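Starting from the structure of chain P, add chain Z where the hints point.
In the order they appear, the protein sequences are chains P and Z. Just so we're aligned, residue 15 is where the first sequence starts under the working numbering, counting upward by one. Just so we're aligned, residue 2 is where the second sequence starts under the working numbering, counting upward by one.
Because the hints were derived from the structure by calculation, they are not lab data. All figures in this text were calculated on a predicted structure; none of them were measured in a lab. Wrong hints could be hidden among the right ones.
What the hints assert, rightly or not - Distance ranges between label pairs, derived from CB positions:
#1 Ile-159(Z) x Thr-79(P): 45 to 53 Å
#2 Tyr-209(Z) x Val-89(P): 49 to 57 Å
#3 Ile-159(Z) x Val-145(P): 46 to 54 Å
Unchecked claim - In the EDC-like style, the derived pairs of lysine to aspartate or glutamate whose C-alpha atoms are separated by at most 16 Å in a straight line are:
#4 Lys-24(Z) x Asp-114(P)
#5 Lys-173(P) x Asp-186(P)
#6 Lys-29(Z) x Asp-114(P)
#7 Lys-282(Z) x Asp-75(Z)
#8 Lys-196(P) x Asp-186(P)
#9 Lys-20(Z) x Glu-181(P)
#10 Lys-282(Z) x Asp-305(Z)
#11 Lys-192(P) x Glu-181(P)
#12 Lys-230(P) x Asp-149(P)
Ideal Cβ positions, reconstructed from N, Cα and C, are used throughout, including at glycine.
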Amino acid sequence: MRNKFSWGRLINGLLLGILAFACLYPFLNVLAYSVSGYNAVLSGRVTFFPIDFNVDAYKQILGKTQIWMAMRSTVIVTLAGTALSLFLTILAAFALSRKDLPGKSFFTAVILFTMYFSGGMIPTFLVVKNVGLFDSLPALFVPQAINVFNFIVMRTFFKNIPESLEEAARIDGASYMKVLIKMILPLSVPIIATIGLFYAVGYWNTYFDALLYIQKPELYTLQLRLRSLLFGEELNNSNANAEGIGTQVMTQSLKMATVAISTIPILVIYPWLQKYFVKGVMIGSVKG
Amino acid sequence: MKNSVGAVPKAPLGIRVKKTAIKIWNYKWVYLMLVPVLAYYIVFKYIPMYGITIAFKNYNVFKGITASPWVGFDVFEKIFKSKNFWNAIRNTLVLNFTTLLVSFPLTIIVSLMLNEVRSSKFKRVTQSVLYLPHFVSWVVVAGIANNLFLSTGTINRIITGFGGETIPFMSSNGWWIFTYVVCNVWKEIGWGTIIYLAALTGVDESLYEAAYLDGATKFQRLIYITLPSIKSVIVTMLILQISKMMSIGLDAPLLIGNKKVLEVSEVISTYTYRIGIERAKYSDSTAIGLFQSVINIIILFAADKFAKSIGEDGII
Chain P
15 MRNKFSWGRL
25 INGLLLGILA
35 FACLYPFLNV
45 LAYSVSGYNA
55 VLSGRVTFFP
65 IDFNVDAYKQ
75 ILGKTQIWMA
85 MRSTVIVTLA
95 GTALSLFLTI
105 LAAFALSRKD
115 LPGKSFFTAV
125 ILFTMYFSGG
135 MIPTFLVVKN
145 VGLFDSLPAL
155 FVPQAINVFN
165 FIVMRTFFKN
175 IPESLEEAAR
185 IDGASYMKVL
195 IKMILPLSVP
205 IIATIGLFYA
215 VGYWNTYFDA
225 LLYIQKPELY
235 TLQLRLRSLL
245 FGEELNNSNA
255 NAEGIGTQVM
265 TQSLKMATVA
275 ISTIPILVIY
285 PWLQKYFVKG
295 VMIGSVKG
Chain Z
2 MKNSVGAVPK
12 APLGIRVKKT
22 AIKIWNYKWV
32 YLMLVPVLAY
42 YIVFKYIPMY
52 GITIAFKNYN
62 VFKGITASPW
72 VGFDVFEKIF
82 KSKNFWNAIR
92 NTLVLNFTTL
102 LVSFPLTIIV
112 SLMLNEVRSS
122 KFKRVTQSVL
132 YLPHFVSWVV
142 VAGIANNLFL
152 STGTINRIIT
162 GFGGETIPFM
172 SSNGWWIFTY
182 VVCNVWKEIG
192 WGTIIYLAAL
202 TGVDESLYEA
212 AYLDGATKFQ
222 RLIYITLPSI
232 KSVIVTMLIL
242 QISKMMSIGL
252 DAPLLIGNKK
262 VLEVSEVIST
272 YTYRIGIERA
282 KYSDSTAIGL
292 FQSVINIIIL
302 FAADKFAKSI
312 GEDGII
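Isolated chain Z, as found in the complex:
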């Protein structure tokens, strides 16, 4: 470093400190703006991280977090022995994986279909309609789902109207997973196409024209031009989604689920809620949350490494 050729000689330390000090002084208003932001993050994000210590304590409401006695990994040992805990993990993975299996290819297919539409008016209207469910609350979705899928719901009445048997969409374990996936796909499929449609507008038009002149069929153009052009988006999205396998929103399983299907609808987030809030086992619930966070971070780093190793952008 010392006297390396071409390097600008560094100013003495004193002057550098002084320069930074002046800069900081010039930015005093900007730092002042950061004060409420940092206060928010410290109080509502970082202090709760300290609260994680109750996963290693026998939390006592009256003693508070600091004074509650340490118990090491006792809480974790207890949880790992619980059948319900492993059930919740299995259910989380099953619901996430089944949803991904259906929604991932479907989103790409719908994007490709939308991309083929020539009439811009039809395309605009279709897109507006497809995006709409994304903005509706899960309570409303659950209400709609009941109206459609209950044994007395519209769909079952149509089925029985044609002489079929009533399908227990909401009350049999297998069918409930189906209903859950349908609701998720319905809500998010349109929204998911946005990113692919953006990638598709970036595909070089001249490639299509050249292929057309060479006599490539529409299908060949799709396979050899369109898909390779958006390959990196597809791969990145897939990795991103897989990295979220262990986390699941609480609203959907809690609201669509019911007591009859608890065996498949109880996921990690609803389980932490039931244990923590309904049964007030704060330490247990926190320990489960921490376990989930740690697994999430491990998957995330692994996915990021994997993405980079196959030449894609990292996801962190």
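If we strip away everything but chain P, and leave its shape as in the complex, we get:
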């Protein structure tokens, strides 16, 4: 029954192939545009394959200081944000996975409650302003350092580490700090990698927080810069136009080259990401 040819299976495979193509095609379209000649783009002949192949758009984009500065902001936010997020998430998950910690359920409730209720946009904005983070890069990662979903995933993982291991270490006189660093962390590399990648992708893609908290053009992140390049004419933020780049007419190739450049890092880490995320999602969906 397994290897028999069937029309149903063939059609199923074909339909899935078409669907996969539909998911991939927009990316191919972007790439084709970004490396096509000016006239081909303008006359709209590009659909699948590049016409008059050239990399001028990339040369031009990578020659702009704004892009490099945006890249710098985004890399800083991604690295620092991922480090801080992992640090805090690991601490919270480790502490709240100790079985008989007095007050555990209270502290857990403090964290979980924020999933269902929050101060909202303006009150959070005011706090960020009052603590002096406004218009600085830490505003993009400090206020949302811990993701509750990631915390749950990590805590579930820690809970499943056999207790006997830890008890043995405790009897040998190891402090909890030591247990965490010497024992739990080495055992948790896969989950830390998964959650680290989730955080990193999140920070890389952050758009709205940057729109909310960043005003100085020199701190613009890649997503913010990309947005002002793509939709420059519609952006009513005066600071985008002040430096001239918002008003400058961009050719479609340039726009698409920028899209490609800001997506490539995601594509590069995607194989690693993919190796782990399914497991991560599954653990997260099991309520802890």
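For chain Z alone, kept in the frame of chain P given last:
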């Protein structure tokens, strides 16, 4: 409670307190680890909750939250009279509901299709490709959408190339909703299959074999074995999604939307942003946010109750 048969007699209060104190002392390092975590939650999550009070105040930037005068429900009365507010609520519901209507069945169908694939290599590659859009930012999606859907975009050029009329995907209200749904489905459909695929691997193989021997067709096996086996996942997911009807991400409508379709693209989150940040009406914006949160919680509890009442797991 007193002297009940078989119960272990409780230690006197003094000893219990002492025991807990010793335990707490033993855990001192663990509590120390919680300090930065709690500091983060207090500053960035709980203090903003106090800030919600400005929904009941006439907020004055110079006076600050505490010193601004109370106005009771005046802000809410003003908002409830605003046509734009009800528009934003309607748009949120319309966009969420239309997306759900398309993506929910489609996700299940794609999961079932993937589950039928025998070649593990083909399955792996297809899955990788389907998951990919989930990791791309909304700015990029909006850029791609423009490239494809604008009147000069690739799709319209293909349509006109075949002699058809240009379709205003980005500039007519109805078509814009279509574009929004397509973008959302494109981005999340693969990601959504993960949970169903996991449930599908749990279906008992022997059931299929028995049905096969009894002469059940493939379709019958699907209807009578596969679907009932993952029914509880389907129901839970549906309830979960419905409970999120009133909340909507800001990035997608803000980035895909444009001035021409504001009438249908302005949702609650973009409206709070425009009122709060662009027009600096802090009290109004906060009040709208609070209204949304409260409705969300009500729907969530109702959905949870409903899920439990039909014998499924709760969602809270």
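Against the structure, the hints come out as follows:
With their beta carbons about 38 Å apart, Ile-159(Z) and Thr-79(P) fall outside the hinted range of 45 to 53 Å. Separation of Tyr-209(Z) from Val-89(P) is about 50 Å and conforms to the stated range, judged on CB atoms against 49 to 57 Å. Range check, Ile-159(Z) to Val-145(P): about 52 Å between beta-carbon atoms, so the 46 to 54 Å window is met. Of the supplied pair hints, the one linking Lys-24(Z) and Asp-114(P) holds, its CA atoms being roughly 9 Å apart against a limit of 16 Å.
The suggested pairing of Lys-173(P) with Asp-186(P) is violated, with an alpha-carbon distance near 21 Å, which exceeds 16 Å. Proximity of Lys-29(Z) to Asp-114(P) is assessed by CA-CA distance (about 13 Å); at most 16 Å being required, the pair is judged to hold. Between the alpha carbons of Lys-282(Z) and Asp-75(Z) the distance comes to roughly 14 Å, so the proposed pair stays at or under 16 Å and holds. Proposed proximity of Lys-196(P) and Asp-186(P) is supported: the alpha carbons are some 13 Å apart, at most 16 Å.
This hinted pair does not check out: Lys-20(Z) and Glu-181(P) have alpha carbons roughly 19 Å apart, beyond 16 Å. Simply put, Lys-282(Z) and Asp-305(Z) have alpha-carbon atoms about 35 Å apart, too far for the 16 Å limit, and the pair is violated. Between Lys-192(P) and Glu-181(P), the direct Cα distance comes to roughly 12 Å. Compliance with the 16 Å bound is thereby established for this hinted pair. Annotation: proposed proximity of Lys-230(P) to Asp-149(P) holds, straight-line Cα distance about 7 Å (limit 16 Å).
Taken one by one, the earlier hints fail for this structure at numbers 1, 5, 9 and 10, listed in ascending order.
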